[in-house]
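Hey, can you work out the whole structure from these sequences and the hints?
Protein chains in written order, with the working numbering: chain W, 1 to 261; chain D, 1001 to 1267.
No lab work stands behind these hints: they were computed from the structure.
Fair warning: this is a prediction, and the values are worked out from it, not measured in the lab.
It is possible that part of the hints are untrue.
Said to hold, decoys possible - To give an idea of the interface, some chain D residues facing chain W are shown, with a C-beta separation under 7 angstroms as derived from the structure:
no.	residue
1	Ala1025
2	Phe1028
3	Gly1032
4	Ile1039
5	Val1043
6	Glu1181
7	Val1189
8	Val1195
Said to hold, decoys possible - To list a few chain D residues with every Cβ distance to chain W over 10 angstroms, as calculated:
no.	residue
9	Leu1099
10	Pro1140
11	Ile1169
12	Ile1249
13	Met1254
What the hints assert, rightly or not - Facing chain D, a subset of chain W residues (Cβ under 7 angstroms, in silico):
no.	residue
14	Val46
15	Thr50
16	Leu182
Quick reminder that beta carbons are idealized off the backbone N, C-alpha and C, glycines included.
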Amino acid sequence: MHSIRLAGTFLRIAITNELQYRVNFFIQILQSLISLAIGLIGLALVFDYTSDLNGWSANELLMVMGIYLLMGGVIRAAIQPNMNRLMQEIREGMLDYALTKPADSQVLVSVREFRFWQLADVAVGAVVLGVAFSRSGQTLSVVQALAFIAVLLMGALMIYSFWLMITSSAFWIIRVDEIVNLFEGIYAAGRWPVGIYPNWLRLSLTFLIPVAFAVTIPAEALTGRLTLPTLLGALALTVFFLAISRWIFKLGARNYSGASA
Amino acid sequence: MRRVLDFYAQFMRLSIQEQFQYRVANYFYMIGMIAEPVIYLVVWSTVAEAQGGQVGGYTPGEFAAYYIVWTLVRNMNLVFTPYGWEYRIQKGQLSMELLRPMHPIHNDVAYFAGWKVVVIVLWIPLAIFLAWIFKPTLNPTLIQGVVFFFAIWGAYLIRTMSLSLLGMITFWTTRVGALYELYFALELVLSGRLVPMTLMPAWVQQVAAYLPFQWTFFFPIEALVGNLPTQQLLYGLGMQVLWITIGIIAVNIMWRFGIRRFSAVGN
Chain W
1 MHSIRLAGTF LRIAITNELQ YRVNFFIQIL QSLISLAIGL IGLALVFDYT
51 SDLNGWSANE LLMVMGIYLL MGGVIRAAIQ PNMNRLMQEI REGMLDYALT
101 KPADSQVLVS VREFRFWQLA DVAVGAVVLG VAFSRSGQTL SVVQALAFIA
151 VLLMGALMIY SFWLMITSSA FWIIRVDEIV NLFEGIYAAG RWPVGIYPNW
201 LRLSLTFLIP VAFAVTIPAE ALTGRLTLPT LLGALALTVF FLAISRWIFK
251 LGARNYSGAS A
Chain D
1001 MRRVLDFYAQ FMRLSIQEQF QYRVANYFYM IGMIAEPVIY LVVWSTVAEA
1051 QGGQVGGYTP GEFAAYYIVW TLVRNMNLVF TPYGWEYRIQ KGQLSMELLR
1101 PMHPIHNDVA YFAGWKVVVI VLWIPLAIFL AWIFKPTLNP TLIQGVVFFF
1151 AIWGAYLIRT MSLSLLGMIT FWTTRVGALY ELYFALELVL SGRLVPMTLM
1201 PAWVQQVAAY LPFQWTFFFP IEALVGNLPT QQLLYGLGMQ VLWITIGIIA
1251 VNIMWRFGIR RFSAVGN
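So, in structure tokens, the structure goes:
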């Protein structure tokens, strides 16, 4: 309960702070639209030459793209800024200030930053998703909607855990900026359903770097592809990811000797 | 002229030594870059297979060759970025460089050219690995190899000029991130970075013919993996020279006007 209040307070401060810089909003919208245009051009090119890609229609891939943009916005608004700050503080020995506070240190380092304007990507993604869904002519049952929201949340939690793990590696190896670059490149694979990738890549994108759970599986929920075993598997894997990332973070924090004190 | 060449030789040697020290960081960076072409390659191979083995004249093996050579060309295309110019102008770092007896852009060209030597050496094992996984179809002739060698340096110079121009806009405005994004998006579509230009709709190809972009991606790659006749290969190199010349003239003009606006911010 205390943790939720804490997160809420940080969120309020971050939003108030960002609202001062309104021009950034328009720049962000422009950037979101550019990234949308690139995605649409890519789709249009592919579907100039074929009518389905590994069993996915153009419209279904539009849904995948909507979720990809939406999730990317969430990562850049809420996850990445916190992890970048954590990484920097570990490197510079400033993490003491967070660790000595009377709150759960993992919660604290995960909620301190929030880039409000990045939510433009979330909005653009949601619009794309909405348009694609209404074009598909499907109706959304309550069960389907709940399953979609559930897997979307699980996907976000898995991505968060993954980030926390690679960021925590900074406790042992100091320079991890390049690993972050690597993640950004790999996340772009989520633009397409992971089923099209060769086996070794598909398995890595599912279990090593949970891009599949963040994008493809929510899209499966909306297109009637999601099976109960996948849903339960996702749940189990989310719990596993959360547990192991917390363990790694705690282990690192215990090993950590600040430089400032 | 002797003086300039000496400068280049020295500066390149310096950056080669410097960058070899950071080989692990350089490697991580290169590996991060591989995700992009691998995604394109997988998508287009899937399309080709669904279309009965080829799409737009490309088989999966030819796509593999295209996107593997892509990785080297992309690395050659990395130059001093507009963000670097923004930083250099905003922070007034340029003041220091202005004190030197040579145009600061020589610094950038020489430094990055040296770095490219390191990049090419590091790229070779990576290319072998990718070739082992994706099985490219690639049998270049000697002349194709020679033209490719010159074309990647031509691409490097064209992109240096165009990004310097873009960066120098910062003389007038202080923040231009959104404009750069727009430029990069155009480049992605019009250069052959996203897909080989021949897969683009005809009107896009016509537009691209009047722009420098395709000479920095599509032409160097196609010189090696395609089967362009010798005449076309030489024509391509000629176009590169033309764009480099236009670039140099434009950079000089823009520099002359821009530098008047520069009032050393910072120290």
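Checked hints:
no., hint, verdict
1, Ala1025, "holds (6 angstroms)"
2, Phe1028, "holds (3 angstroms)"
3, Gly1032, "holds (4 angstroms)"
4, Ile1039, "holds (5 angstroms)"
5, Val1043, "holds (6 angstroms)"
6, Glu1181, "holds (5 angstroms)"
7, Val1189, "holds (6 angstroms)"
8, Val1195, "holds (6 angstroms)"
9, Leu1099, "holds (32 angstroms)"
10, Pro1140, "holds (26 angstroms)"
11, Ile1169, "holds (15 angstroms)"
12, Ile1249, "holds (29 angstroms)"
13, Met1254, "holds (24 angstroms)"
14, Val46, "holds (6 angstroms)"
15, Thr50, "holds (5 angstroms)"
16, Leu182, "holds (4 angstroms)"
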